[in-house]
Amino acid sequence: MNPICEQVRLSAMAHADGESETASLGLAEMESHVAGCAECRSALAEMEVATQLLADHRLRPQTVQLAARVHEGIAAAQSCREARRFSGLFVALLTILLAERAITLRSDAPTRWASRGAVCLLVAGWFICQRQNPFSLNEHLEFSRKITL
Amino acid sequence: MMDDTEAIAQCQAGNPEAYRHLVERYQAEAMGHALAILGHRQDAEDAVQTAFVKAWQGLDRFQANRRFYPWFYTILRNCCFKLAARRPCIAEGSEEQLALVATADDSDGLAEQAQILEKALWRLSAEERELIVLKHFDGLPYAELAERLGIPLGTVMSRLYHARLQLRAAVARLLKDQV
Numbered sequence: 001m002n003p004i005c006e007q008v009r010l011s012a013m014a015h016a017d018g019e020s021e022t023a024s025l026g027l028a029e030m031e032s033h034v035a036g037c038a039e040c041r042s043a044l045a046e047m048e049v050a051t052q053l054l055a056d057h058r059l060r061p062q063t064v065q066l067a068a069r070v071h072e073g074i075a076a077a078q079s080c081r082e083a084r085r086f087s088g089l090f091v092a093l094l095t096i097l098l099a100e101r102a103i104t105l106r107s108d109a110p111t112r113w114a115s116r117g118a119v120c121l122l123v124a125g126w127f128i129c130q131r132q133n134p135f136s137l138n139e140h141l142e143f144s145r146k147i148t149l
Numbered sequence: 001m002m003d004d005t006e007a008i009a010q011c012q013a014g015n016p017e018a019y020r021h022l023v024e025r026y027q028a029e030a031m032g033h034a035l036a037i038l039g040h041r042q043d044a045e046d047a048v049q050t051a052f053v054k055a056w057q058g059l060d061r062f063q064a065n066r067r068f069y070p071w072f073y074t075i076l077r078n079c080c081f082k083l084a085a086r087r088p089c090i091a092e093g094s095e096e097q098l099a100l101v102a103t104a105d106d107s108d109g110l111a112e113q114a115q116i117l118e119k120a121l122w123r124l125s126a127e128e129r130e131l132i133v134l135k136h137f138d139g140l141p142y143a144e145l146a147e148r149l150g151i152p153l154g155t156v157m158s159r160l161y162h163a164r165l166q167l168r169a170a171v172a173r174l175l176k177d178q179v
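Sequence lines, in order, name chains C and R.
Residue numbering for the first sequence follows this note's numbering, beginning at 1 and increasing consecutively.
Residue numbering for the second sequence follows this note's numbering, beginning at 1 and increasing consecutively.
Pulled out of the complex, with its shape left as it was, chain C reads as follows (with noise of 0.2 Å):
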């Protein structure tokens, strides 16, 4: 399809559609290239077959009750949050303990103490990288739990 066509496809759309605002071309524009042209002639005639087609239908209204679903589902990822604050805290804490007793012991044995930050640092980072909290609960396993209770 060469561009002058599509263009002249998607405006004719879009004033089939009431959107002549949004139509590159105006009508008269339009109607004389569709008149010389029979491939816009045959595709624009298919469009309306399938626009007339669905203009007679709807969608089928569906029936579903999903509020008490989607209440467990707050209070399951609430938990989850709650269960992430608390463990971020104790990580915080812990981070700090050890690094009161490394800096305590640094200077009876610095080489060792060097090694265990370096070993430290990478878990640490590992799960930075991951954006896992390695203390909180497995958020996908505990939702689907509450779900099916």
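Keep in mind the hints are simulated off the structure, nothing from the lab.
Idealized CB from N, CA, C, for every residue including glycine.
Please note that a few of the clues may not be correct.
[Claimed, not checked] Residues from chain R that face chain C, not an exhaustive set, calculated with beta carbons under 7 Å:
id, residue
1, Val23
2, Glu24
3, Gln27
4, Ala28
5, Met31
6, Val48
7, Gln49
8, Phe52
9, Val53
10, Trp56
11, Leu100
12, Val101
13, Thr103
14, Ala114
15, Met157
On the provided structure of chain C, position chain R as indicated by the hints.
Below, chain R alone, put in the same frame as chain C:
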């Protein structure tokens, strides 16, 4: 009945009961949209539930001058497409696949047409089916389609044009198969 603005304000103030109003008001519409993308009732229910939970978590970022459903719809479609990527496609005509289309009136000719249209819709991609549903069954203008789908207006027009032609071709093939 509480209106959306009031319900959202109460939710933002931390009242989860107010959220029930929003869920009950929009769950059927959301279910229809999720079904159009996923074609499977259980998956659609899961997607709608997840979307409502995510929306609740994001309500503090919701701007009061916006309408709830268009905002919620972007969350819903993300949940649907994420779920669709994890699940295998459901074969056309499968028992799991649900009826999506109803006739505008009860005449017999239209019922037969509805069946053909239904089959033709399931032959489109999920994106094409979504676009057709939003445009033709919900009657959304191009600008709102662009906003909901997060794509430029020109792309909406182009995709809609191709989706309609695909649908027409699918209907023609189905009619030919019937003969």
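Tested hints:
Hint status for Val23 (chain R): holds, given a least beta-carbon distance of 5 Å to chain C, under 7 Å. The restraint placing Glu24 (chain R) at the interface with chain C holds, with a minimum CB-CB distance near 6 Å, inside the 7 Å limit. The criterion of a C-beta within 7 Å of any C-beta in chain C is met by Gln27 (chain R), whose closest approach is roughly 5 Å, and the hint holds. With a cut of 7 Å, the hint placing Ala28 (chain R) at the interface with chain C holds, because the nearest CB-to-CB distance is about 5 Å.
Interface hint status for Met31 (chain R): upheld, as the beta-carbon distance to the closest one in chain C is roughly 4 Å, under 7 Å. For Val48 (chain R), the interface hint holds, since its Cβ comes within 7 Å of a Cβ in chain C; the closest pair sits about 6 Å apart. Taking 7 Å as the C-beta contact cut-off toward chain C, the hint placing Gln49 (chain R) at the interface holds, the least distance being around 5 Å. A cut of 7 Å between beta carbons decides the hint on Phe52 (chain R): the least distance to chain C is about 4 Å, and the hint holds.
Given hint, Val53 (chain R) at the interface with chain C, holds; its Cβ is 4 Å from that chain's nearest Cβ, closer than 7 Å. Against a cut-off of 7 Å between C-beta atoms, the interface hint on Trp56 (chain R) holds, since the closest Cβ of chain C lies about 5 Å away. The interface hint given for Leu100 (chain R) is met, as the beta carbon of that residue sits about 6 Å from the closest beta carbon of chain C, less than 7 Å. Given the 7 Å rule on beta carbons, the hint for Val101 (chain R) holds: about 5 Å separates it from the nearest Cβ of chain C.
Hint on Thr103 (chain R) holds. Least Cβ distance to chain C is approximately 6 Å, under the 7 Å limit. With a least beta-carbon distance of about 6 Å to chain C, the hint placing Ala114 (chain R) at the interface is held under the 7 Å criterion. The restraint placing Met157 (chain R) at the interface with chain C holds, with a minimum CB-CB distance near 5 Å, inside the 7 Å limit.
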